[in-house]
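S.K.: Can you build the whole structure from these sequences, using the hints too?
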Amino acid sequence: MSRTHDTVFTAPAEDPAHSRRYGRRVISVTSVTALLTGLNTSGLDVALPGIIRHFQASAAQASWIVLGYLLAGTVLLLVWGRLADLFGRRRLYLTGVAVFAAASVCCALAPDTRFLILGRILQGVGSSAIVANTTALLADSFPPERLPRALGVNATLISATQAAGPLLGGAVTNLWGWSGIFWVSGATGLVALGRAAHILRPDRNSGPSERFDLAGALLSVLFLGGGALALTESGPRGWTSGTVVLSATVSLAAFLVFPLVQSRRRYPLLDSWLFRDRRRTMALLAAFLTATSYFSVVLVMSLYLQTLEHLDALSAGFQVMLMAVGSMLTSPLAGHLSTRCPARTLASAGTATSALGIALLALALGPPAPAGLTGLGLFLTGAGAGLFGVPNTDALLSLVPAYRRGIANGVRSLLQNAGYLISTVLTLTLVTGHGQSGEGRGTTPSALDLNGSPEALAGRYQTALVVLFCLCLAATAASLLRGSALPPEPPPARTAPPDRPGPGKSARTEGTE
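Reminder that position 110 of the sequence shown reads as 109 in numbering that gives the first Met the number 0, one-by-one numbering, no gaps.
Read the hints as simulated data drawn from the structure, not as lab findings.
Any given hint could turn out to be false.
Unchecked claim - Per label pair, the in silico range of CB-to-CB distance:
#1 Arg24 with Arg90: 17 to 23 Å
#2 Ala455 with Leu332: 37 to 43 Å
#3 Thr239 with Leu217: 24 to 30 Å
#4 Val260 with Leu117: 43 to 49 Å
#5 Phe86 with His197: 48 to 54 Å
Idealized CB from N, CA, C, for every residue including glycine.
M.R.: Here it is, written out as structure tokens:
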């Protein structure tokens, strides 16, 4: 049964067998890059102690080895999404994989921490181009009735890499040392680049020829970059430090100017049309709140199990892996159910399931905490996230035309990554003494201020989980508020007015108007 209740834009008719074959080949490409990004997030955590020992890195340097990747990946998602719509998703995707592979080799050859941090930032740049284009590539490759299952498979692969990342990272590190992570990433990136170049079709120029909003892109980078820097530095430096105040000021100024500039641009970076439909707006808000609520559960429970339950890192890792297992099991189920159930029902059920899991974890913290209850809480949290992601993303992409999918998915990925960042910073602030300043403090486990009685530490962990639980309830409310029977709004005009470049002309960088 087709999803007539929430599908607005459909793909062009194509031979079904040929479309299925091509779609499977595209998934084979995106699965390799999912392994790449997963290995350089969860897998790097295992190699981080070896990196610290090799370079004698400070807590602040170790923190930026982790955060530089996340910051660069978050800041550029919006820009990459818009560029993909203008210049082609295949071209931008290949560029991202190439940059990622080259940056990985640079990281492996890094002579000091500054060079390594720079390489990690470049990895983030490449990763953001990959992430911003992956879902849109799948949406272009599958007809609407098969897209939910494709998204489910993709989500399952991502969950699998998150679960296997620490184990694979540990094995590579044991064999080849800390640089092995980056050598494997570089080699895998080259394989992915060759396969993607061979399989991905040239983009169809189905939308109007438009210009790139350079001013909007610069303002978005200042707003997102300044805000992210202020958040990440507020923990180690305190909110009154010069770096934090300057970053926050730049971010706020860019945020205030951005909508004014966008309203005067003929081709804005972020078209307000995307937010004129309540279903699109609530889908994006729910994605942001869900990411913020569940992402740091792994961090909280990893710290709890090691500091209060006195488990070693490997044992704690096996326990928290239940979250990824839950997501891995429910993502394909969500893809199957999305063809039968409204997105509002399925996505809201997912966030409610995650909220139940987080509540169980908050109630279970002791110490000692019942292993069965914590395991169930972790599994339900991940299962709910897997149940939410596929229908929510599918509903969003079904409500935008093909030539707007890049920016729509870029906004979704941006909000999701921003949620990850805020979740991490918020949780670290709550569990380390509410943001006490101290020069040189970082966000690595060895640098965390986790002193105090077991009761006090357990109270901090519970407070963090209660905050995440409240955010998950807010995500459920946003998902329910999307509605289910709103009339679709016509898309933007697909033909350019006489004073705009006509079809067939290439997009250009827009200067001042």
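S.K.: Name the hints, by number, that the structure is in violation of.
M.R.: Violated: hints 4, 5.
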